[in-house]
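S.K.: Protein chains in written order, with the working numbering: chain A, 2 to 370; chain B, 91 to 597.
Take the hints with a grain of salt, since some may be wrong.
[Unchecked claim] The list that follows gives simulated cross-link-like pairs (lysine-lysine, DSBU-like), each with its CA atoms no further than 30 angstroms apart:
| # | chain 1 | residue 1 | chain 2 | residue 2 |
| --- | --- | --- | --- | --- |
| 1 | B | Lys208 | A | Lys222 |
| 2 | B | Lys219 | B | Lys208 |
| 3 | A | Lys370 | B | Lys494 |
| 4 | A | Lys370 | B | Lys251 |
| 5 | A | Lys222 | B | Lys201 |
| 6 | B | Lys148 | A | Lys125 |
| 7 | A | Lys125 | B | Lys251 |
| 8 | B | Lys101 | A | Lys370 |
| 9 | A | Lys222 | B | Lys219 |
| 10 | B | Lys356 | B | Lys292 |
| 11 | A | Lys222 | B | Lys251 |
| 12 | B | Lys122 | B | Lys324 |
| 13 | B | Lys310 | A | Lys370 |
| 14 | B | Lys212 | A | Lys222 |
| 15 | A | Lys370 | B | Lys148 |
| 16 | A | Lys370 | B | Lys292 |
| 17 | B | Lys219 | B | Lys201 |
| 18 | B | Lys340 | B | Lys351 |
| 19 | B | Lys351 | B | Lys148 |
| 20 | B | Lys219 | B | Lys122 |
For the record, the hints were derived by calculation from the structure and aren't laboratory data.
Here's the letter readout for the chains.
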Amino acid sequence: MDWKRFLFIALIIVLLFTVVVLVGSAAQKPIVIIASMLATTIAVATPLTLGALSGLYCERAGVVNIGIEGMMLSAAFFGWFGAIYMNTILKLPAMASLLIGLVCALLTGGLMALLHAALSITFKVDQIIGGTVINILAIGITGFLNRQLFFEKGSIFGGNVPHAPGTLPVIHIPIQEAIESVCTSETCFTIARAFGKVFDQRPIVISAILLVIITHFVLFKTRWGLRTRAVGEHPRAADTVGINVIMMRYVNVVIGGMMAGLGGAYFTLESVPSFEPLMTNGRGFIALAAMIFGNWTPFGAWAASLVFGAAQALQINMQVFRDSIPAQWAILQNSYVVGLTPYILTMIILTGVIGKTVSPAADGQPYEK
Amino acid sequence: MTDPTLVLEAKGITKQFPGVLANDNVNFDLRKGEIHALLGENGAGKTTLMNILYGLYKQDAGEILVNGAAITIHSPRDSINAGVGMVHQHFMLIPVFTIAENIMLGDETTKNGFLDVKAVCKRVEEISKQYGLDVDPTALVGQLPVGVQQRVEIIKTLYRKASILILDEPTAVLTPQEAEDLFRIVHELTERGVSVIFITHKLKEVLSIADRITVMRAGKVVGTTTPAETDEHKLAAMMVGREVILTVDKAEAKPGEEILKVEEMKVNDVRGLQTVRGVSFQVRAGEILGIAGVQGNGQTELVEALTGLRPAAGGKMWFNGKDMTGKTPRLLTETGMAHIPEDRQRHGLVLAYPVADNMVLNTYYQRPFGIHGMMQPAAIDRNARKLIQDFDVRTPSPYVPVSKLSGGNQQKVIVARELSHDIKLLIANQPTRGLDVGSIEYIHREIVLMRDRGIGVVLVSAELDEIMALSDRIAVMYRGQIVTTVAAGTVSREQLGLWMAGAHPGE
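This is chain B alone, in the form it adopts within the complex (with noise of 0.2 angstroms):
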């Protein structure tokens, strides 16, 4: 029986990577004008199963149906004449090109040998009033806010006729506001009778947004739903494959002595700018201190001089009783200070080194794993097998480059290596930023047992349930200042919000 609303069916799609197997014997369906998500976590294959869609991989078996009819696809042309579109997760635009050139490029129309600009510009503007995609053909797409640069891949795919349009992870970039509006585009596409597959880990938005939700995990379809007939908890355990405890939980703090303190601490931003302009504060062995805040209030800069990564236009810092204001990072490890920065790619990992070389990156060349000036292999290996195994981080081996490892993952390695040795303070920056929902769970599990046993914890985060669900104390961050500090559970989370916002406490 064929469905005659189906534009694309994946009938046993099997992909198998060295180590991985991603996609097992999947089958996925699209009806015409839907919007079907398709949730899974990290690594769970749903991108793999897109790039074979795409034409990006060749699956090893299994066949693609578009509009009832079994084609194949052995690049991305074939499946762009097929009228399949597909917006990256890595947005496939080239920054010093316009906008025009960005969705011209493969598709070009000449005149007389030369590139038709002005007929380019044309069909653009045409497309951009008719499915309300506001944008400027002649500007510079290097120079476009995220949410304007995923408008223009929108318009790439519809410049080339698709009725199918793949979108993975379209709202890891943005911000809610822009978030909000893809939605309306999307609605807007659906009803001119694009179709629609929706790539995402966001529980919440799945259900606001979808008609249908595949769920996929390590490389496996495991059902298909409906927002009606099911909620974020059904989904979570869909996905993880267990039940997923969405809240985090925890026993009363029992604070012990002081072991961070801040005085004062200005901190200048690479423009010169003070960007942390006098903040003070102080953490407990044993206490977790949230420290909330819209971002780009100064947190970046204020972790990166508690890291001892930037210095500090002023101010003091005592940390485990010494005054530690102006050392360096290596000190500040050595004394017991571990980080989790905000940005894991480009500052918690060298993504081309393998894995087991990532987890003795602060510690290379204390004994066992470096004597006299030489690596011991032996001991790094040890070191990265009991790590990969006690904290669980999927590899197909310790000498992977950990750029081969999924987000999840990645942060996985950051965790592994700075928790693993002795140390009295953890500062973890946005630590679950871009994770998915067991990776979320683990981390804030590990954040919460480190607490536990003793370690002071300062958690820079702008996300709201993160803070509310794992500090003991709050801090709310506004343009460079500690706007107020209270104990967590006395504040209700509109209360926070209004004082990241820059209210006043006591008004």
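Bound conformation, chain A alone (with noise of 0.2 angstroms):
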């Protein structure tokens, strides 16, 4: 990706930021407005991070995934499913059940996109449809399961919603021990315990971070990845010195739909312990956006991901400092408003202001020898 795309994505997360700075400088400290935003930020750009790598991981590989949002949201329903049926029904402790909740909404992930693979690589359906397929699937199923298990009566939890074994817990990486060991001052101090908090997150969240960079050296310094991406540029090509089209799709697709199901685990493992029919709302549409805006590349996917949780952040945040707006701001009490936020830059930037992105040469066409 082009240095003046991520110049543009920077631009745009220090115009939220500063937006915030300004609102609520009132009521709090610059410093820890910023190390706040960031700490929102970076965690609520995790489903959108880990969504536009598991549509990276598809096209790359010659297969468009219109169905992250199907995935992410079977996901989200089925890892919770098995984290309470664990801990509810066979007694588990709640760690325990956290993990396998995890374990499940990754397998969910990968079912649905094995259903994608088998639909745009065996049976050569339109990618599109194929993708509204398991998106319209996935709110079928979940809101139909959500009703029948929880609120039917005499089904296996009673009628009754179970206690959820809470949220997978806060990895605390001693950043604020680290600077304030060599603080002197007062100000120090501030910055040290603002800044720690932004490495205080959850494993979903760490998780993202690195695999962004796993995808990276993957695609761009392995033969899989080599491979992977002749096979979404040229299939012939890769065909003609020996290598499995079909087979390298159907992986890539169903790793793609694992990074999709961690996303869905993050929505109700770890940022909050319920479920609810839709709760993704679009985020892995966003997540596609974020992925084309990005150029089809791991960093570039994030970076866009970033900016979509900084507007995100800052609705967050608007909440927080609602009652300190200053009032020829009064538009932005408007919850509405500052919803709208991220739905309004993913248009704006998918108008393409800073140029065409390009994708791959076969992505969304089925292979024929």
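Hints given; two lone chains; assemble the complex.
M.R.: Below you can see the structure in the form of structure tokens.
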């Protein structure tokens, strides 16, 4: 991805942060606001990042995936269901239940992706339609099972939503202590406390960032990545040098599905300990936009996800500072206006303000010998 | 008896495709270090045979022996392991990859799990030096000229230690200089013990490069010969199955009234540069005006302006007595203009549509094909069957996508469509580019036939032979202008060549 695109992304993020700092400056120190915005941005960008990586694996191998949303939603549900089932019915400890829930989410994402792969690779169904099938299927299944399992009389949970085993715990990285150990002034301690929080993230958030880095190396530095890209650019050329195009595509789509599955787990196992119908709320589609804006590269996609994360962080912080918003900014008190920001950003960014991106050449085309 | 010098033998290869017997009991062999040319028209089964040898298709019957031992080939991997390398007609290169990435793909060298690009670059440079194939392994393939891309393809096979090299129509996309370079490389390879199968339909080329020549026709091997025992005419006859007239037979033109008049036409290209800079000419009914010129001297833009595809930046054009400057292609077509475009796949056909629909692309909205906005399948079907018959289009049915047809048959679909209705002027841009002898002969005959029926013809071609054979008058285009217009037969090939290269007439 070119530097112009990264610069554009950095500018938008700075702009969003500035708005919050200006609005909140009456109530809080700018440095604290910035640190808190940063922590929130990184956290809420997680499902977008993972969704974008999901799209990346699929599309780099030549399969368009607009079913990320559905894969995330179903993974969110089954991850949650797995965790609760283990905890409530099998009486496993909370942590073990959550981890099994996580595995359930990954498997769900992988299975949904397998369905998408079968539709688009083997049966050569139009891939947009295949993705739409996944999305509709996910909405239907999760909505239905949610009602049947938890709210229907005589269900395994007896018609009551059971107590969830909580969420995955924060992993503390001792950055605050590290800074404090060299601190001499009070400002330094404030900074240490503020930025220490940025590094106190939960496991899925941290894995998302690691996966961005890993994906970059896999895609551009390994044999698997070279072959994946070849299959997405010119499958026939890959075939003539003995690469199994069908297998490469299947495996990559399933890996992509598991990425979306992990993104789904973020909603119910890490962000909040509950499931609501349609709770992914279009994140899968925004993730797709982030992947496109990031020009089908892991770091680009991550950067674009952070923009959307920042927009969401803005929304969250606006609620915190709602009462201290100055009169001339009154429009920002309206939660609908602020809530629209990520979606408006999606539209602006996708109009191509910063030039066109180039998709893999064989993206969306089934391979026929 | 087994000849120990044979590195490759294909015995009794048969391959059936839906509707076509592509290979019918084909026998073919290759000796060590020889160049064995496989000659045949488009659709004769040459590429099918090679795709079987390379493992892209599986034969229905027959066996393949490499160095005397029978091998089973399930995929290209098996062929590569047996030492067979293939350079496909349409290159199998990934434009966004570097040369090194393209070459290593499928046979990657890794170090600690990561691609070892350095080692690959080193190997590539070694091969480059050894065979005189000069390339920079870090360059992006998409930015290379076609000739260099072909070199990359050859290195790709050598990197896999190929000792048998299949070149499928390697000169089709090359300039004459690039082709010379390729021949030099091929000789270099054979001197080092590589055996080469050279697939082509160009007769001159075969005679100059091959050690042996095998001719295929309609899925069968017609015979094997050597350049010493044969000549162009004999080869052409073997290829087509009958005596082929390599020169066009035509009577004296009887030009009638003026049908097209162009005055001071100026046209800009996609980038906004003026590539046609004031061109004037006229065409009369019943004559062929040949526009000669090296490609890229404004011919493409001129034809696009004449056919209404691109607005003229200046000048006027009268067609059929009326000022038709800047009119739409549809109006021009309805007035009686036919157009055989330069790029048949992009501008002449909708590749995904069936043959029948492609045959009514310019008339589908008119009776009898369209009535009140509804397509009339019965009329379209009748039209297609008639045209397929009249123009000898080889297709299993009117309803296969036109993309499945060979280049020659695709061109016949266009010719059939354009010439089958009432026309006054035919504009043909490179009508025989990339076609085989039989199709070229056919299209040349059609063009002369049109002329004799009193139709005006503008023939744009970069092939001097074609211009000289067909034209009644020849206009030479150079840098967006017509240098001169002369009567055919009054000027030598050499003189035309000089004008095309920019020499001024009268010097």
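S.K.: State for each hint whether it applies.
M.R.: Hints and how they fare:
1. Note on Lys208/B and Lys222/A: the hinted pairing holds, with a Cα-Cα distance of about 12 angstroms set against a maximum of 30 angstroms.
2. Between Lys219/B and Lys208/B the alpha-carbon distance is near 17 angstroms, which keeps this suggested pair within the 30 angstroms criterion.
3. Pair hint Lys370/A plus Lys494/B holds up; C-alpha atoms about 13 angstroms apart against a cutoff of 30 angstroms.
4. Simply put, Lys370/A and Lys251/B have alpha-carbon atoms about 25 angstroms apart, close enough for the 30 angstroms limit, and the pair holds.
5. Between Lys222/A and Lys201/B, the direct Cα distance comes to roughly 10 angstroms. Compliance with the 30 angstroms bound is thereby established for this hinted pair.
6. Distance hint between Lys148/B and Lys125/A is fulfilled; the C-alpha atoms sit about 22 angstroms from each other, no more than 30 angstroms.
7. For the proposed pair Lys125/A and Lys251/B, the alpha carbon gap of about 36 angstroms is over 30 angstroms, so the pair is violated.
8. Among the hinted pairs, Lys101/B with Lys370/A is consistent with the structure: their alpha-carbon atoms are about 24 angstroms apart, no more than 30 angstroms.
9. With a CA separation close to 27 angstroms, the supplied pair Lys222/A and Lys219/B stays within the 30 angstroms bound.
10. Only pairs whose Cα atoms come within 30 angstroms are accepted, and Lys356/B paired with Lys292/B is rejected, the gap being roughly 37 angstroms.
11. Only pairs whose Cα atoms come within 30 angstroms are accepted, and Lys222/A paired with Lys251/B is accepted, the gap being roughly 25 angstroms.
12. For the suggested pair Lys122/B and Lys324/B, the alpha carbons sit about 27 angstroms apart, so the restraint of at most 30 angstroms is met.
13. Between the alpha carbons of Lys310/B and Lys370/A the distance comes to roughly 24 angstroms, so the proposed pair stays at or under 30 angstroms and holds.
14. Restraint check: the Cα-Cα separation between Lys212/B and Lys222/A comes to about 18 angstroms, which is no more than 30 angstroms; the hinted pair holds.
15. A distance of roughly 12 angstroms separates the Cα atoms of Lys370/A and Lys148/B; the hinted pair therefore holds under the 30 angstroms criterion.
16. As the CA atoms of Lys370/A and Lys292/B are separated by approximately 28 angstroms, the hinted pair is consistent with the 30 angstroms bound.
17. Only pairs whose Cα atoms come within 30 angstroms are accepted, and Lys219/B paired with Lys201/B is accepted, the gap being roughly 25 angstroms.
18. At most 30 angstroms may separate the alpha-carbon atoms for a hinted pair to count; Lys340/B and Lys351/B meet this at roughly 25 angstroms.
19. As the CA atoms of Lys351/B and Lys148/B are separated by approximately 56 angstroms, the hinted pair breaks the 30 angstroms bound.
20. The suggested pairing of Lys219/B with Lys122/B holds, with an alpha-carbon distance near 23 angstroms, which does not exceed 30 angstroms.
The structure fails to meet hints 7, 10 and 19 from the earlier list, while all remaining hints are met.
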